[in-house]
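Undergrad: So the protein lines, in turn, are chains L and P.
Residue numbers for the first sequence, in UniProt numbering: 1 to 566.
Residue numbers for the second sequence, in UniProt numbering: 1 to 566.
In case anyone wonders, no lab produced these hints; they're calculated from the structure.
Treat the hints with care, since some could be wrong.
[Unchecked claim] What follows is a list of derived Cβ distance ranges for each label pair:
id, chain 1, residue 1, chain 2, residue 2, range
1, P, Ser499, L, Ser290, 26 to 34 Å
2, L, Glu99, P, His174, 23 to 31 Å
3, L, Glu99, P, Ala257, 35 to 43 Å
4, L, Ser290, P, Leu381, 47 to 55 Å
5, P, Ser376, L, Val263, 24 to 32 Å
6, L, Lys486, P, Gln234, 51 to 59 Å
7, L, Arg385, P, Gly96, 45 to 53 Å
8, L, Leu121, P, His513, 30 to 38 Å
9, L, Pro91, P, His513, 38 to 46 Å
10, L, Val263, P, Gln177, 24 to 32 Å
11, L, Ser549, P, Arg158, 55 to 63 Å
12, L, Arg385, P, Arg17, 56 to 64 Å
[To be verified] Result set (DSSO-like, lysine-lysine): computed pairs, CA atoms no more than 30 Å apart in a straight line:
id, chain 1, residue 1, chain 2, residue 2
13, P, Lys532, L, Lys532
14, P, Lys483, L, Lys532
15, P, Lys455, P, Lys483
From the three backbone atoms N, C-alpha and C, an ideal C-beta is built for every residue, glycine too.
2 protein chains.
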Amino acid sequence: MLSAFSRRLPDWLRHYRRDLFAGDLLAALMTVMLAVPQGLAYAALAGLPPHVGLYASLLPLVAYALLGSSPVLSVGPVALLGLMTASALAPLAAPGSPEYLAAAALLALLSGLMLLLFGLLRLGALSQLLSHPVISGFVSGAAILIIIGQLQALLGIRSDAGAGALMLLDIAGHLHQLAPLTASLGLGALLVLILSRSLLPRLLHRLGLPANRAALLARLMPMLLVVASILLVQSFSLPVAVIGALPGGLPPLGLPAADWPLVRALLLPALMIGLIGFVESISIAQRLASYAPSRVNPDAELRALGAANIASAVSYGMPVAGSFARSIVNAEGGARTPLSGLLGALGLACVLLWFTTLLRALPLAVLAAIIISAASALIDLRTLRRAWRYDRADAYALLGTLGGVLVFGIEAGIAIGIGLSLATLIWHASRPHIAVVGRVPGTEHFRNVQRHEVKTHDNVLCLRIDESLFFGNVRAVEARIMKELKRHPNVRHLVLIMSSVSRIDSTALDMLHQLNSDLRQRDIQLHLAEVKGFVLDQLQQADLLEQLSGEVYLTAFEAEVHLGGK
Amino acid sequence: MLSAFSRRLPDWLRHYRRDLFAGDLLAALMTVMLAVPQGLAYAALAGLPPHVGLYASLLPLVAYALLGSSPVLSVGPVALLGLMTASALAPLAAPGSPEYLAAAALLALLSGLMLLLFGLLRLGALSQLLSHPVISGFVSGAAILIIIGQLQALLGIRSDAGAGALMLLDIAGHLHQLAPLTASLGLGALLVLILSRSLLPRLLHRLGLPANRAALLARLMPMLLVVASILLVQSFSLPVAVIGALPGGLPPLGLPAADWPLVRALLLPALMIGLIGFVESISIAQRLASYAPSRVNPDAELRALGAANIASAVSYGMPVAGSFARSIVNAEGGARTPLSGLLGALGLACVLLWFTTLLRALPLAVLAAIIISAASALIDLRTLRRAWRYDRADAYALLGTLGGVLVFGIEAGIAIGIGLSLATLIWHASRPHIAVVGRVPGTEHFRNVQRHEVKTHDNVLCLRIDESLFFGNVRAVEARIMKELKRHPNVRHLVLIMSSVSRIDSTALDMLHQLNSDLRQRDIQLHLAEVKGFVLDQLQQADLLEQLSGEVYLTAFEAEVHLGGK
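Same shape as in the complex, but just chain L (with noise of 0.2 Å):
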């Protein structure tokens, strides 16, 4: 009975080292003291109370650590879904009224679930979507807007302009006005931040402590500073802007509300936040995977992050992903195995049990400062660097999505840089590489004309197509072999060599179609040759082979044998 069911259990829990113990627990703790801060300050951002991000980082660290793939990454509240969360239940509801609340947990449900449907039917490959240049400029925008709407709260300031730019321009008119106390609170803690980013681990380790572990700790400075603001605000009654009382105790289980014209205008945010916050975590647990021996799998982590998202939905929370922040700082601190995540999800229920309290009078100037820096740290300029100097393309792709992100917002900011992904491919497609071929004297190959002194015949083209054939290229391929008849103006039979094209859509097949009966009606006979098997079979199941006015030769040579003479 007793081994029935231990054979249930995952491999890592059945085969668990206790020499791991230690690792798994210290890491669990580090965790919960960054995750804590992070939480309070994405569900800020998400323009939600802030204990739902506690309660969203509380149970998606169980879902995902009996499901996940990855043993360190750490899943929870991240910036970029808080972002997007915000943008996504704008035009819904009121930031923070019952209403916001339920649809943030709808969204979180419903991005879970499509998530988990994905993993289910396999669809790993979607991490695929977006090439990283895209992703890179995707991320930088955000956080270049996430970096804006926090201005206010650094320096309490008051602006009631939109979004972006237009925000800047309008706490820039209203600097005059802000208040000494909470800025100087606010720019301090974004000081200490900065400066614990690239001064403090350099210290610690010139005071002896190994480089690793000085970077480690210079990590959990957030919580450092939620305690020091908290104690300073108690013990001068600072009157700045606090989050206030935190309900205390564990959350509330509960399916949110429902009804079919929320939940359509939610889908396709939610669908968003999945892909996004997926993308993301992929990318994180594959960087993160030299700390575990463990092979990242696609279709796990989708089925894990939906798991994640609809724990969260339950327990009230919001969307999450993995956090590059809370991972490392797992991986660093000695996590191998998931055992970490149960004991960070432990950890933060004691918090939500009993701390909650004494969080009250954390001020929103230094969750600002921790979000800020949070976000500083996603801007990207490597990648464009490296884009620009190899591939200028990827570069503009790069440049169109940031600037898409920052002018017109973060869900079409998505939707741009899913347009450049594609633009790029077809950009590259639409000049494929066609050769026009002749024999080589004495053999059976067929050579490029222009490198090769090869034999030809005035009534035969042969033109060999060097890449798959799909709507992208394939009015080029088109365009190309009109003009090469132009050139040869007494050619009779056009014969296409396909030994390298191993796929044709219905865009290309159509193609094929008219082009078949455009030289029908000018007296050419269209042939094709060294077509790979399976996509003769493809052929086939459509009717361009019996409408071909011309034949199907197995090689160009065979092909020429028949035609040359004619």
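Here the structure of chain L is known, so what remains is to put chain P in place on it, guided by the hints.
TA: What follows is chain P alone, placed relative to chain L:
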């Protein structure tokens, strides 16, 4: 002086043959007869006063005639852009208000400027951004939305429900409130239009008319309906909603008023309208290319459509594109040169100057019938059927786009379509062909170990990559490499044979960097062989070649000679 002037005239005008004039004139007259009812109808569809549709038909014809590359394409308001205009302007102003009219003209202006810019940048390849199935799904979905949206006007019912399926339900619930007179007028007109598409051509043909003449006459039925319904309403003073007084005279000229927030809100819709209008126009021009000897040039089309939209904007019009119905009437009517477009503009000017008062009694229900009939011709089941049989992924992309338009509306629908176009590419790309190869004994040729008897070495693994490397397949390639290394545990040298790789994008470059350092840790050297010249140049710009743990070999044979003995 005169000859210098004449040399600046377009080719077709300098070499105009008099015998073409009768055809051009007749075609122009017929096009005008269709342009008047369609212009009125599509302006109404866009939420604009009907006369805007006539304004938008006049100058764009002139602009396109001077710059376009198709002598038969007829440019002006079209149903698809009418719907997209309404969707873009709905959140910005009340339909029919002065702000709404100005915004419609601004939309045309922005869209025109973008197309003109794309044309000057020679981005004609943009017409390949979407696959045929995705375009078909988008157009069918939009047509269904258009039809649902016109049911109110057709039946004389008032519905306040949003759009799409909801509106359909609401209308079904209000069916008992339908206005009998309006409904019978509308349904009667619709019946006539449907019959005139299917039965009338056959009937006329049986009465002795040639088939194409019969079809052409049947296509002019909308004008006949307009005249008949006006006579009916006026003779019997029928109490039905009519379009009312239209301003007479030529369109006034001027630039639409604009401020930055409005421009910003319209940029993305303008881009979508421009691209969709361009894609549709070019596909119409290509389908009708057989009517005229000239070839359709995508870059020239971009510039001409851009100019047409700008011309529409400065005459207080709306976004325009090539109309299939009017273009085929134009072509069948005998148009062989752009003169037919210029004569059509002249005809429309006459209508605006002298005949607008006759149109005031035109019932709105008849306009709705004209729109519904035109939209129903856009619903395309044939492409779905073919794609379903030939390439299931394409069929899913079609259905996904169609569903996206119906559920989320027209703009999200395009985004979904672009996403699905990309997704089908990625889907196929994520299964790249990679072969483990070995040397055919006695030769320098390397072939697939699964198909040929070849010689391999225990410590060298040769992989031939049969596709270009880009963000869509890097993960699959990496996974395959890892799998093969696991299968060959004694390998110390991995040779990637790049003979089929004609491009490596930045995402793939990142993967190669990562692979190189991962393998170095495992004490495996990474070598490249048979790298194409221009790919090598590109890799040299990045620092991959310096960091490569192994060598770059000219041929796989050279690599084997070097490494095989070690």
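Undergrad: Work down the list of hints and note, for each, if the structure agrees.
TA: Hint by hint, here is what the structure shows:
| no. | hint | result |
| --- | --- | --- |
| 1 | P/Ser499 x L/Ser290: 26 to 34 Å | holds, 32 Å |
| 2 | L/Glu99 x P/His174: 23 to 31 Å | holds, 29 Å |
| 3 | L/Glu99 x P/Ala257: 35 to 43 Å | holds, 37 Å |
| 4 | L/Ser290 x P/Leu381: 47 to 55 Å | holds, 53 Å |
| 5 | P/Ser376 x L/Val263: 24 to 32 Å | holds, 30 Å |
| 6 | L/Lys486 x P/Gln234: 51 to 59 Å | holds, 58 Å |
| 7 | L/Arg385 x P/Gly96: 45 to 53 Å | holds, 51 Å |
| 8 | L/Leu121 x P/His513: 30 to 38 Å | holds, 31 Å |
| 9 | L/Pro91 x P/His513: 38 to 46 Å | holds, 42 Å |
| 10 | L/Val263 x P/Gln177: 24 to 32 Å | holds, 30 Å |
| 11 | L/Ser549 x P/Arg158: 55 to 63 Å | holds, 58 Å |
| 12 | L/Arg385 x P/Arg17: 56 to 64 Å | holds, 60 Å |
| 13 | P/Lys532 x L/Lys532 | holds, 24 Å |
| 14 | P/Lys483 x L/Lys532 | holds, 26 Å |
| 15 | P/Lys455 x P/Lys483 | holds, 21 Å |
When held up to the earlier numbered hints, the structure conflicts with none and fits them all.
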